[in-house]
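Colleague: One letter stands for each residue in the lines below.
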Amino acid sequence: MSAALDPVIHAPNRLQICCMLAGVDAIDFATLREALDVSESVLSKHLKLLEEARYLKISKTPSEGRVRTWLTLTGEGRRALKGHLAALKALMAGAEGGAA
Amino acid sequence: MNDSEAGRMMAEVQAANAELAQRARAPLWYHPALGLLMGGFAAVAGQPTPVILAYEAVMAVGLWLLVQAYKRRTGMWVSGYRKGRTRWVAISLATACAAVTILSLWLRRTHDVVWAPYVGGMVVFVLATAGGLLWEAAFRRDLRDGDSL
Chain U
1 MSAALDPVIH APNRLQICCM LAGVDAIDFA TLREALDVSE SVLSKHLKLL
51 EEARYLKISK TPSEGRVRTW LTLTGEGRRA LKGHLAALKA LMAGAEGGAA
Chain F
1001 MNDSEAGRMM AEVQAANAEL AQRARAPLWY HPALGLLMGG FAAVAGQPTP
1051 VILAYEAVMA VGLWLLVQAY KRRTGMWVSG YRKGRTRWVA ISLATACAAV
1101 TILSLWLRRT HDVVWAPYVG GMVVFVLATA GGLLWEAAFR RDLRDGDSL
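Here the protein sequences line up with chains U and F, keeping their order.
Its first residue numbered 1, the first sequence is counted upward by one per residue in our numbering.
Its first residue numbered 1001, the second sequence is counted upward by one per residue in our numbering.
Be careful, since some hints might not be right.
Said to hold, decoys possible - Simulated pairs of lysine-lysine, BS3-like, Cα-Cα distance not exceeding 30 Å:
id, chain 1, residue 1, chain 2, residue 2
1, F, K1083, U, K57
2, U, K48, U, K60
3, U, K48, F, K1083
4, U, K82, F, K1083
5, U, K57, U, K45
6, U, K82, F, K1071
7, U, K89, F, K1083
8, U, K89, U, K60
9, F, K1071, U, K48
10, U, K82, U, K57
11, U, K60, F, K1083
12, U, K48, U, K89
13, U, K45, U, K82
14, U, K89, F, K1071
15, F, K1071, U, K60
16, U, K89, U, K57
17, U, K45, F, K1071
Since the hints were derived computationally from the structure, they do not count as laboratory data.
The shape of chain F in the complex, shown without the other chains (with noise of 0.2 Å):
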């Protein structure tokens, strides 16, 4: 092989990576029903143990749901976590939801604080929506850049 049909390969890459990265969008309720779910998790933290269990029973078939939707929608599926600039992301929105949902608990457990879990709820689906739509535009450039392997 030399070196332009080297190049045209490499070219070849490019082309799959863009027509993947094309395809990478997830329908626009996606992310605001994540945040949804998640911030409802948080809203119900402070809630007695069994409206928190029903609440993750209508989560994991609502996150169930959602799967399904992103895959018959983009025909493909890929973890939150996966490297690149994805996983930083992922990371930090799990970090940043996990730190307001403590702190809306603790606010209404240690300081009888009852709309704590509230306001958590609304800034967990804040930035739940927020940063899914990030990591899907880091999805993106991650495929466009090659930064798959």
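Next comes chain U alone, as it looks inside the complex (with noise of 0.2 Å):
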């Protein structure tokens, strides 16, 4: 796995999002909404790239008479993370190496 830096999941939503979704099978638009305390135009943005970049799977179910939108990681935003994670922290540690 080559650990270069994503710039997909770069922006820091976008990367709270994909660890959110890691965590977890599934999980509701109005949930992350309010997790990252942003506005729905800007949360649809960010899922709109990762959808495009086949990192996200949104699926609708009704719900109580209404439609729930759940979001998914795929295998490839999962394998997408773990590199942007670990050059992250290749960062880091070339930091704190270069410091000592």
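Fit the two chains together into the complex; they arrive one by one in their own frames, and the hints show the way.
Modeller: Written out as structure tokens, the structure is:
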């Protein structure tokens, strides 16, 4: 696995979205929006980018008379996140090694 | 990107995991209800087939309702066998509950211990309830430690 920073995940909100999705099977749009404290439009833009990169799967299910949007990290997204986090850790380890 | 930016990004990751851990709490009645369904399964194990089949139908509906309640409350869904400490808790719990159920059924069928499945059911209820709470604590700990991938 190459430890390179992924430009799709790089933005702080998208990194947080991917990390939250990595911890669960699925999370719904409203919960994610509340957790990140961003507007619906901002979250939608981030999700669109992640979906276009095939890092994210979006599905809709009816629930109590309304439609709930569920988000799932794909295998590709999980691998990309793993690589991105490894790159971040390598950067930090390199800095610590340089300072020593 | 420099090292301080990388450090800031990792702090964002930790914040996201902590936020998720905060939200990952099932309703108070969730684990006892799950324990009741599992304990009931052990308790009816020695009954005639139609009773077992009827209970399985009730259990399927009960499990579906529990999943819906968990999703509604937390806004997320998590597999019990997800990677991390949680997987070990789930496997241990499933093994222990299966062992108690089989043992009680064996006592009922081979030694005619009529009450064995009922005691087994109570043991499974306690195991499943405590195990569920333990699983949830392990899940939150996995999230805080960033052990999600």
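Colleague: Evaluate each hint against the coordinates.
Modeller: Results of checking the hints against the structure:
1. F:K1083 - U:K57: holds, 20 Å
2. U:K48 - U:K60: holds, 15 Å
3. U:K48 - F:K1083: Since the Cα atoms of K48 of chain U and K1083 of chain F sit roughly 27 Å apart, the hinted pair holds (cutoff 30 Å).
4. U:K82 - F:K1083: Holds, at roughly 14 Å.
5. U:K57 - U:K45: holds, 14 Å
6. U:K82 - F:K1071: holds, 26 Å
7. U:K89 - F:K1083: holds, 21 Å
8. U:K89 - U:K60: Not OK: K89 of chain U and K60 of chain U at ~35 Å, beyond 30 Å, violated.
9. F:K1071 - U:K48: holds, 23 Å
10. U:K82 - U:K57: This hinted pair holds, its Cα atoms lying about 18 Å apart.
11. U:K60 - F:K1083: Holds, because 26 Å separates the two Cα atoms, which is no more than 30 Å.
12. U:K48 - U:K89: With a Cα-Cα distance of about 27 Å, the restraint between K48 of chain U and K89 of chain U holds, given a limit of 30 Å.
13. U:K45 - U:K82: holds, 22 Å
14. U:K89 - F:K1071: Violated - the C-alpha atoms of K1071 of chain F and K89 of chain U are around 33 Å apart, more than 30 Å.
15. F:K1071 - U:K60: At roughly 14 Å apart (the allowed maximum being 30 Å), K60 of chain U and K1071 of chain F satisfy the hint.
16. U:K89 - U:K57: holds, 27 Å
17. U:K45 - F:K1071: holds, 24 Å
Hints 8, 14 from the earlier list are contradicted by this structure; the remaining hints agree with it.
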